[in-house]
Amino acid sequence: MDIYREYILDLYKNPLNKKRLPAADVSGQGDNASCGDVISMQLRFENDIVIDIGFQGDGCAISQAAASLITDEVKGKSIADIALISDGQMMDMLQIPISHTRHKCALLALKTIKKAIE
Amino acid sequence: MLQMQNLHISVEGKKIVKGIDLVVPAGEVHAIMGPNGAGKSTLANVLGGHPKYQITQGSITLDTDELKDLSPDERAKKGLFLSMQYIPEIAGVSIANFLRLAYNSVKGEKVNPLTFHEVLAKKVKQLDLDEDFLKRSLGVGLSGGEKKKLEVLQLLVLEPSFAVLDETDSGLDVDALKVVAGGINQFHNPDRGVLLITHYNRLLDYVEPDRVHIMKDGRIVQSGGKELAKNIEKEGYNVIPANAQIPMEKNS
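Protein chains in written order, with our numbering: chain A, 1 to 118; chain B, 1 to 252.
The following block holds chain B by itself, in its conformation from the complex (with noise of 0.2 Å):
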């Protein structure tokens, strides 16, 4: 479970976001809306340790942990994942060996290199691509498909109990749009709960989420079910006022 309590956060000294109350339980698929600077991507930077932005009030829980003064890798180690809305890019690290690398420093164990090549491989095909895929580069020159894709094999692959994809479907074309949704489905199980942070609704025909989220000018103004992202889709964003107070499901 991921718990977001009174979430305020700032950036050079202006502030993003202004009290964010969020719970996604386990085995949960909650969806974030919201039109461009509403905060979203500062959200999912900030869940993902990001030194760039301070918390200035309220606490990030992942199960009993609280997250808010642990680096990165830590975590990670605790079970949360990122996947960033632009990856970096490092020359000369290759796909399978960053993949083994980050694998054995999040589990804490060290596995046989060759079986876990042949895991890897399998899970390369599932998501349309190329064995040669793991010999390329962290990031560099991959289309906008294959990054997306990397996101997920990643997501495969370490096997976090939590989830925060960010824009993980912007760019894609409609068939990489359903593998990339097929990655994210086999990941989601009853233990394992995610949060997607997205511009349209078009991802959400093939993963279903539980629960739709609606934040502008860093808070959340609407919550709802999946009902919800097909009205934004209809009407926009604008019929939903900045300074709307929805009464969140303080109990949920």
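Isolated chain A (complex conformation) (with noise of 0.2 Å):
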């Protein structure tokens, strides 16, 4: 198997971050009624800064791998950084060729969180 496929479903097993905040100062859901895909974020902020981050969710590897992967990146970032994070880079994020039909999937967690700090 793909060394890249490996580690999506390594995430997807063994995720990041897969914790409920108690005292978030944001939180979001976002899901994919077509598929089943459900997200939930919850972030802490530290002067706009992203100090802490949970998510709970359920689907398909792909949306909760890019959930695992999401809430990596945005850690320590500005909710200005955040906001600019484009598709294109949660699609290279994940390092695998996402097919059309599967790109709500992979897009789902970035929604949720950009949902979240709106």
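These are calculated hints, taken from the structure and not from any lab test.
On a predicted model such as this, the values are computed, not experimentally measured, just so you know.
Don't take every hint at face value.
Unchecked claim - Derived PhoX-like pairs: lysine-lysine, alpha-carbon spacing no greater than 20 Å straight-line:
hint: 1; chain 1: B; residue 1: 178; chain 2: B; residue 2: 147
hint: 2; chain 1: B; residue 1: 230; chain 2: B; residue 2: 178
hint: 3; chain 1: A; residue 1: 111; chain 2: A; residue 2: 18
hint: 4; chain 1: A; residue 1: 75; chain 2: B; residue 2: 110
hint: 5; chain 1: A; residue 1: 18; chain 2: B; residue 2: 110
hint: 6; chain 1: B; residue 1: 110; chain 2: A; residue 2: 13
hint: 7; chain 1: A; residue 1: 115; chain 2: A; residue 2: 75
hint: 8; chain 1: A; residue 1: 18; chain 2: A; residue 2: 75
hint: 9; chain 1: A; residue 1: 114; chain 2: A; residue 2: 19
hint: 10; chain 1: B; residue 1: 147; chain 2: B; residue 2: 123
hint: 11; chain 1: A; residue 1: 19; chain 2: B; residue 2: 110
hint: 12; chain 1: A; residue 1: 104; chain 2: A; residue 2: 115
What the hints assert, rightly or not - Here are some of the chain B residues that sit facing chain A, going by a computed Cβ distance under 8 Å:
hint: 13; residue: 112
hint: 14; residue: 113
hint: 15; residue: 114
hint: 16; residue: 117
hint: 17; residue: 135
From the three backbone atoms N, C-alpha and C, an ideal C-beta is built for every residue, glycine too.
Dock chain one against chain two, each of which comes alone in its own frame, and use the hints as you go.
Pasting the structure below:
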């Protein structure tokens, strides 16, 4: 198996930042109604910088691995920086080819974070 | 600091190591040299925690921790690293996965596999290896040089506080020897100690030891600076009698 696919499966089985933050400053929820992916996010800030983030979710390996990757990525970033993360950057983070029908899965976590910080 | 005090080791009732006192402070590189059968590899295996050997007397401490009763994985978590002379082969476990899971286990934290892979890929290139090396099965079908480089790669990735390297130089051509020595030098810093076990002083031309110890018949019979290794090169091990009792610096 391609080594990057292996990593995605590993992230699905052993997610990063999969926890509920009790004292979150903001939170958000997102889902893909057509395929059943659900993700909720909580973030804590200090002076506009993300100091902690947690997610809960259910769904396909791509959607859940993307949640692990993006939560790791935004730690230490400002709200303005997060708003600038593009869909393309999210795809690049996954490092595996994502077919058109799975774009929504790959982008759900990023969308949920952006919704939370609005 | 790795310290052995009056260490006696037996295997299947046979005494192999007969009282070793050795202190390797953090930041120093010490070399143990000696003829075949002196007990060097036994000593390395015992430091790593091999269950076949019995410590009949004495102690091994890393900083303040007594290692004697710890399992190999517990020793690794305390910061000890052993590079074996002959590495095991595990088909189906990729080098990339092995290193990542070993890292997670030793450090007690879960790393992002993708960022970890980036770091890994850089270190692999430093050792003159291709990134595809990481996809291969652990130890399986590796050349002699690749096996030794795999050991050094582990050293660079796991960043232990103390490394015991058993014959990490054996069977290497001069280019690979330089790469391996470069890796050891890169690992070595004022907080990390290295104990090199070797037959020849070829590696010592590239990795400069602070002290050289000559081991013969289960004892350290002579200790000195790196010039000692040069003498051995010229005169062989036979000039040193096995029962030579050179006083060790007890207070070092």
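- Message: Taking the earlier hints as the rules, which of them does this structure contradict?
- Response: Failing hints: none at all.
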